[in-house]
Amino acid sequence: MPLATEPRPALMDSGFASYGPSADVFDEAKDGSGLVRPHWEEFGQAIERLGAQGLAERRENAWQLLREHGVTFNVYADGRSAERTWELDMLPLLISAREWAQLEPGLIQRTRLLNLVLADLYGPQRLLAEGLLPPALLHANPGFLRACHGVRPPHDRFLSLHAVDLTRAPDGQWWVLADRTQAPSGVGYALENRTILSRVLADEFRESNVQRLASFFIASKAGLRAMAPWTNSPQVVLMTPGPLSETYFEHAYLARHLGYPLVEGGDLTVRDRRVFMKTLEGLQPVDIIIRRVDDVFCDPLELRADSFLGVPGLVEAARAGHVVISNALGSGAVEAPALLAFLPALARHLLGEELRIPNVATWWCGQPHERAYALANLHSLVIKHGFVGGSADPLFGAALAGADLAEVAARIRAEPHMFLGQERVALSTAPVWTGDHLEPRPLILRCFVCATSDGYAVMPGGLTRVSAAPDSPVVSSKYGGGSKDTWVLSDGPVEELTLTAGAALPERLERSNAQVPSRVIETFFWLGRYAERLESTTRLLRTALARLAGEGTAIEEAELVAITRTLVGLQSLPEKFWKRASHREITAELRDLVFNAERAGGVRALIRRVSYLTAGVRDRLSGDTWRILNHLQTEFPAAPGHSTAGAVVSPLHRLIFQLAALTGMEMENMTRGQAWRFLEIGRRIERASNLLATIRAVLAVDPDGAVALTPLLEYTDSTMSYRRRYFARPELPTTLDFLLAQDSNPRALAFQFKSLRRHLGDLPALGEAHPEQWHFAEMDALLAGSDFQRLAMAARESEGRRLDDLLQELLAGCRLLSDQLTAHYFTHVLAQAS
Amino acid sequence: MLYALSHHTVYQYPSPASVSHHLVHLRPRESARQHLLEFALEVDPAPAAAVERTDYFGNATSFIAVEVPHRGLSITARSRVRVIAPIWPDPGATPAWEMARDGDSSTALASDGRPGEFLFDSQHVVSQPALADYAAESFRPGCPLLEGVVDLNGRIFRDFTFDPRATTISTPVAEVFKKRRGVCQDFAHLGISCLRSLGLAARYVSGYLETVPPPGKRRLVGADASHAWFSVWCPGHGWIDADPTNNLLPAERHITVAWGRDYSDVSPVRGVVVGGGEHRLKVGVDVARIEEPPAAIAATQVAPSADSGNYF
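For the record, the sequence lines run as chains C and H.
Counting in our numbering, the first sequence runs from -3 upward without gaps.
Counting in our numbering, the second sequence runs from 1323 upward without gaps.
Extracted from the complex, chain C is given alone in its bound form (with noise of 0.2 Å):
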């Protein structure tokens, strides 16, 4: 039997069995003395059945399904800001049954007294009173927020949503590190991690009994509508400070899961009190806004005037009890890390209960014997910024040579209150997958409790982030490193239970989606005439680029002149290829034009400008029409290191296959609303100039069509229905009469004017002038009067002027008509302080 004797492939072994983690910290799945913990005994025989294969093939999917879904991370821990793709480990975080079952009334306790001390302090502050906190660690908390004291949320409820991460010491006890009270985020990556994982390890996920994450939402969602009392059908929206957000990704994702309309400060407007959003419709009322802007920035008015993302009266909305604003706006204040410190004593006090998990050792330097303790201590302990609003990374004592810390003892001394000193904790580790091996890596776990209609409950499951190195002390996202699925098992067989389950409950009842803010629509409007630009360019490009690569014929050559001066006359190439150049010079000047980002009007400038406009609306499109347009950007190749045309024009043929697609995707996956409507008119315009400039561009340079019309046919794709047509080589009348009058023929100036006539007539009407409607009508008698055969005719007998005319009106109509709609429909005037 040779086959036992050969030792298996390393290659083959998961690494689970040998899996060694230190014996000086915990670690989740496996203890001290190297033995499997009884649950995940089952789980890493799964692993060990993958086999190194098994999990590498796996994770490939994984990153597949992350690209494809878009998940990004905003970083701007260098300064510059970069989308980074989010990192998902391959073996998730195994909790038991019964661990969590200790974990979670513990978690809701916390939420508990926290909500407790806001009450308290937006209000009477008898704690001060009664000298349970220190009047200075609100009076220097920047998250205390003065404007907000005294506003009620309905039922005292300040925290909707409650983040706490977690890590355990070398004894096996959870201990708290810190809490997000402000605007947490993570719930909506925690969700992503599970759909994902789920996918790739979906036998492993369905044998290990793991709670669905559904039923959080749910109660989440009838804790947010039990908020409005005085409605039935609560308007939710969830804010959002824009694409630029670190945590952007999770914002659109959340909002489409919720089915609740994603609103940016512009999109809403307080009136006598009341918050509406702006929609193409007028006003529509909101109830509930659920905030992902931090709270100072939320109303220029009455907190921080230089916010341009939040909502003048927002405050005083939210003070006269019509708004209900999820976490309150100055729920901030209780993430101070200082609170720590006070919190066993509050529990007490408050509860007249222990703490269930206790938290991390923490010496606030505001009181003078927390001070000198953490003076005497500095070399053993974390010195981390007292309050939010700090953004210095925290400092390691034991890292720290003698001047430094003396250093840092000077800061504190001045400042005292502005720091604290907590216990350095051994985080536990968690076997993570490198790609090659499992190696044990520190692990914090970030938990959440919301809001239900009568209580609190939590997330049964978690995101997990592990060290971007197996010795680096700090977990943060920010500084890469990765994320884990948190599988919170089950002693029994799970129920299934989706959202969209519980979306035919009766009890749900918030209006649907309907409600679109005007500046979604008018993203719309835009990505409409982007996309539709990248596509002209790229065809136009793509005519000149042919003829590069081709055989060198005589007509060729007179064509590839003829093209380059269109492209001289349409600004899209410099004056000087107007004379004669090179092969080799204009396949490099193209090849520019294709992938250099900064060169405006570019294709891949154009790539970017259409992906920021999608990221702009990402939680309004389909799932297959974001794969599109995602992979518009990610499937783009780099610039080839060689200049043939050849390698050039081959990722220009790609991409108009993805255009098409979106076009497809557009036809006949979106529903016929307002933002399909505005697409669609944006792409219309945009066509409609597009092709005015082009056909001007070439009369000019070939007036009597004897060189340039097998390309102008080529770039609007009509050469074959033109020839089908006329059975003829082209001449310039029936060409013009093809190209703009036969509105038979999608690419043509006609079809263009039929659909906008058809899309501006179910505009919503707002108010009574409608000067697009006329001008409108105006250009759509002008081109139905026009006979572009007898125009055409005419040119040649010098009467071009009349024709280009006719043309540059057409142009200038075009632009004047998307100006209109812009004013009509979107113009959001800024709003200043004064």
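Simulated from the structure, these hints should not be mistaken for laboratory data.
Taking lysine-lysine and the DSBU-like style, the derived pairs with C-alpha atoms no more than 35 Å apart in a straight line are:
(1) H:Lys1539 / H:Lys1604
(2) C:Lys750 / C:Lys274
(3) H:Lys1604 / C:Lys274
(4) H:Lys1501 / H:Lys1539
(5) H:Lys1500 / H:Lys1604
(6) H:Lys1500 / C:Lys380
We have chain C already, so just place chain H on it with the hints.
Relative to the frame of chain C, chain H by itself:
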């Protein structure tokens, strides 16, 4: 002393503004030293909402929303206020400043004010070593608190030049300190920054100052302006005002409207306007003394310079 006050703010917009929201601090405070006899707030065009409430610091504030298209907005506050000259303690008899620093101010929750609120940095007041060094010259070890404050007040008055063109409201204190120029707000913020840098509680006071016309000239109606100064917490004595722009401790010519950590807590009129374009702003303040027999006019000290813009 009895005063009739009017504070008139007019915005003009080149194109119609669709909505404007304003928050005003215009109603003078009631206190043992000051009685408000009459107050009226007029807004034109008629606001959709005008809601008055008491803010966190005990000041009256109004939220005003105008929701019809408007090319201009005027907000006028009229009041009648009686000011009673305060009796400030003898500076030499106040406790040593270190006692105020190390004492109970961070924990005190006194009924007449919470000094702890005014110990820390706020939007316009950022403590820094340079200011602590500057302030330290006035606060030698053991120096009675009010002596130090009077000295600091005088040094700001002498070392800094009143110059309405040198700064705007967003000029940081550090820059004012470097330029040695500014207006009353800047000097108040500077004084507060110095005191807080030493660990003393200091607050910002917004109000008006009666101007005295040059000898032989008539008082000009509307030539007055909003004014600002600071106040320091002195254990055993409470809050003591100081006006570094005029190098004096306010008596009965200072009318207090509101106080807070700095200007941003109590700006007389702040607003956010949607549309309208670049606005033009005119502010007119009039502080008219109403003679009551027998007139007991307190000794006036320093008359402020003539052209003061909106603020002294």
